[in-house]
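Colleague: Residue strings, one per chain:
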Amino acid sequence: MKKPIKKPKLLILITILITGLSLTQLVISHSLATTGGKMRQLEEKASVLAEQNRVLAEEINQMGSLTRVASEAQKLGLIKANQIFHLSSQVPVALENTTLSLER
Amino acid sequence: MSYNWRVNFLLTFFILAGILVGGRLFYWQILSSGSLTAIAESQHWVSSNVSAERGKILASDGFPIAANQESFLLFASLPDIKEDAAKIAETLAPIISGPDSLEIASTSALIKERLNQSNLVWVPLKHKVSRQTKKEIEDLKLSGIGFENEQERSYPEGSASAQLLGFVGSDINGEEKGYFGLEGYYDLELKGHQGILKREKDASGKPILIGEVKKEQEQNGRTLVTTIDRTIQYILWEKLKEGIEHYGAVSGSVVIMEPKTGAILGMVSWPNYDPKSYFLFDKNLYSNPVVSSAYEPGSTFKILIMAATINEGLVKPETNCDQCSGPRVISGYTIKTWDEKYFPNSTMTEIIQHSDNVGMVFVGEKLGINKMVEYLQNYGFGQKTGIDLEDESSLKLRSISDWKEIDLATSSFGQGIAVTPLQMVRAASTIANGGYLVNPFLVKKVISDEGTNEIIPKIGKQILKSATTLAVTEMMVNAVDNGEAKWAKPEGYRIAGKTGTAQIPVAGHYDKDKTIASFIGFAPADDPKFVMLVTLREPASSPWGAETAAPLWFNIAKEIFTYYGIQPN
Numbered sequence: 001m002k003k004p005i006k007k008p009k010l011l012i013l014i015t016i017l018i019t020g021l022s023l024t025q026l027v028i029s030h031s032l033a034t035t036g037g038k039m040r041q042l043e044e045k046a047s048v049l050a051e052q053n054r055v056l057a058e059e060i061n062q063m064g065s066l067t068r069v070a071s072e073a074q075k076l077g078l079i080k081a082n083q084i085f086h087l088s089s090q091v092p093v094a095l096e097n098t099t100l101s102l103e104r
Numbered sequence: 001m002s003y004n005w006r007v008n009f010l011l012t013f014f015i016l017a018g019i020l021v022g023g024r025l026f027y028w029q030i031l032s033s034g035s036l037t038a039i040a041e042s043q044h045w046v047s048s049n050v051s052a053e054r055g056k057i058l059a060s061d062g063f064p065i066a067a068n069q070e071s072f073l074l075f076a077s078l079p080d081i082k083e084d085a086a087k088i089a090e091t092l093a094p095i096i097s098g099p100d101s102l103e104i105a106s107t108s109a110l111i112k113e114r115l116n117q118s119n120l121v122w123v124p125l126k127h128k129v130s131r132q133t134k135k136e137i138e139d140l141k142l143s144g145i146g147f148e149n150e151q152e153r154s155y156p157e158g159s160a161s162a163q164l165l166g167f168v169g170s171d172i173n174g175e176e177k178g179y180f181g182l183e184g185y186y187d188l189e190l191k192g193h194q195g196i197l198k199r200e201k202d203a204s205g206k207p208i209l210i211g212e213v214k215k216e217q218e219q220n221g222r223t224l225v226t227t228i229d230r231t232i233q234y235i236l237w238e239k240l241k242e243g244i245e246h247y248g249a250v251s252g253s254v255v256i257m258e259p260k261t262g263a264i265l266g267m268v269s270w271p272n273y274d275p276k277s278y279f280l281f282d283k284n285l286y287s288n289p290v291v292s293s294a295y296e297p298g299s300t301f302k303i304l305i306m307a308a309t310i311n312e313g314l315v316k317p318e319t320n321c322d323q324c325s326g327p328r329v330i331s332g333y334t335i336k337t338w339d340e341k342y343f344p345n346s347t348m349t350e351i352i353q354h355s356d357n358v359g360m361v362f363v364g365e366k367l368g369i370n371k372m373v374e375y376l377q378n379y380g381f382g383q384k385t386g387i388d389l390e391d392e393s394s395l396k397l398r399s400i401s402d403w404k405e406i407d408l409a410t411s412s413f414g415q416g417i418a419v420t421p422l423q424m425v426r427a428a429s430t431i432a433n434g435g436y437l438v439n440p441f442l443v444k445k446v447i448s449d450e451g452t453n454e455i456i457p458k459i460g461k462q463i464l465k466s467a468t469t470l471a472v473t474e475m476m477v478n479a480v481d482n483g484e485a486k487w488a489k490p491e492g493y494r495i496a497g498k499t500g501t502a503q504i505p506v507a508g509h510y511d512k513d514k515t516i517a518s519f520i521g522f523a524p525a526d527d528p529k530f531v532m533l534v535t536l537r538e539p540a541s542s543p544w545g546a547e548t549a550a551p552l553w554f555n556i557a558k559e560i561f562t563y564y565g566i567q568p569n
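So the protein lines, in turn, are chains F and H. If you read the first sequence in this note's numbering, its first letter stands for residue 1, the second for the next number, and so on. If you read the second sequence in this note's numbering, its first letter stands for residue 1, the second for the next number, and so on.
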């Protein structure tokens, strides 16, 4: 009577380990490959946003220029004040001895 | 025997083979290491230049007066070109060049020549292409034609501050470089350093996430915050243009400074140029006349000589001139008053009021050559003011041994001596600020990634006594209230000022018809907020400063009073 052959446990363990690690490597490689692509997409998006930011800054500079503001004001019919009245910090004589009371 | 032969043969063979292998290794490792490293780097790394942004130049309110604008480099990748070079050139030329047919033809020829270069794979076709032009070209969908990002300098306020700012051009290596004005003076601070980003790549050229990254950090240029008040600069610009047109002057300039600190609030000149397209203008317009053009100041100089003489205790405002009854003859030259009217026994105050040349000869003689030269040096004449502008220049003062009696006489009323407008403003500010010589400056803060560096104004030594400055201020107020320009003075304000009309030297003599009209003054006289000089070259409507430069000065001052909220007395 033949003795039954025992499956070597170590061999099975090694096979499982190799298969498991191979699969893990495959998953990680795949994930890294797609992440690299995603990273490039994000970088492109960041560069588009930076460009938009620059365009908006340029627009602000153009719109805020005093030369432009003056010309737009002129187009809207605004004119320069020719007569300027200065308000004195002194109390007018007519008000000097007057007391104001509030009635209910 | 045969054994020895075989051993020797093998030994020789191995030695030769060793030498060959060693030689080859030496070739790869030492001689070709540079090129092989470069090849390995290009296969292993993806690298890109990270351009540094040129620093902005800001007005005192933080609004940019020089900024950056995105532009593009149009290029061709020759292996990807599919259409005929001539056809591409004919399509692109009208879009990227001006409307002139000759320019279109030359641009077309240039593009064609570049596209036909068989030894290259990449050729630039046009720098500084605008976003709009880029879109127009992209819509044509030409294969092999692409764009790279670039930066271009922009000046939101246009040419109003052209000579003050300077412009950005290219150096001999094609790198950006600032010329003239602030762009030239602060070029090193403004331009920064380009960075490099290197990242490990995979076979398809995509960056590896966990790969190595090498970064040489770019360093953006520093931002300059100036003392320029944008509103004042705009007022000066508008008023100077109006004034030059109204008085028919050939050119003119206005400079305004805080007398107590030396901070420049505004500085404009006409004619000027567009700093963005500087190459289309005459090169003579590039330098700033306020700091580089010397002129004879004429009667505006009298206040400085009078202040020096009073400061030395040689005259007082009420001292009478005993030589003012008629023309004076000095070294064979006859010196007259500008209107040939004479005022015997006039006081020093009246000499300034009447702008009396003969009276000033009397004052100059009291001062003497030695003291005259000493005070001119103290006022800062004959040396640069040290302002942070690239184009500043200064004429040297003649040495004491070269001064003659006639030089003393003419210098006392501002002829025969050349100064720049800024030197004149700096000297006059000593009267406005209690006698201190200030150093004019434009940049008050430098902002970089490391932080902000504030520039503290340097106040120089006191060259006039406080009492002297008060006395001369009163003389100048009297000259404005009762002098030739009183008709133009804004009502209710105490303004200290002096007109000037200097003849222009042409080929060794003075041209009677050509003058430089000017007005220098400060206000409010009792607590000056600004000192300002207006100069007009060859005004056609009248040669006199009192009828041209003075009314323009008062016009500008009125606007500044309103802007600053300065009320009349």
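Keep in mind that the hints were calculated from the coordinates and are not lab data. Check the hints yourself; a few may be wrong.
[What the hints assert, rightly or not] With beta-carbon atoms standing in for the labels, derived distance ranges:
1) H/I15 - F/T34: 50 to 58 Å
2) H/H193 - F/I18: 46 to 54 Å
3) H/D527 - F/K75: 20 to 28 Å
4) F/T34 - H/G451: 36 to 44 Å
5) F/T34 - H/K87: 35 to 43 Å
6) H/K82 - F/Q74: 46 to 54 Å
7) F/Q74 - H/K486: 29 to 37 Å
For glycine and all other residues, C-beta sits at the position ideal for the given N, C-alpha and C.
Colleague: In ascending order, which of the hints set out earlier in this document are inconsistent with the structure?
Modeller: 3
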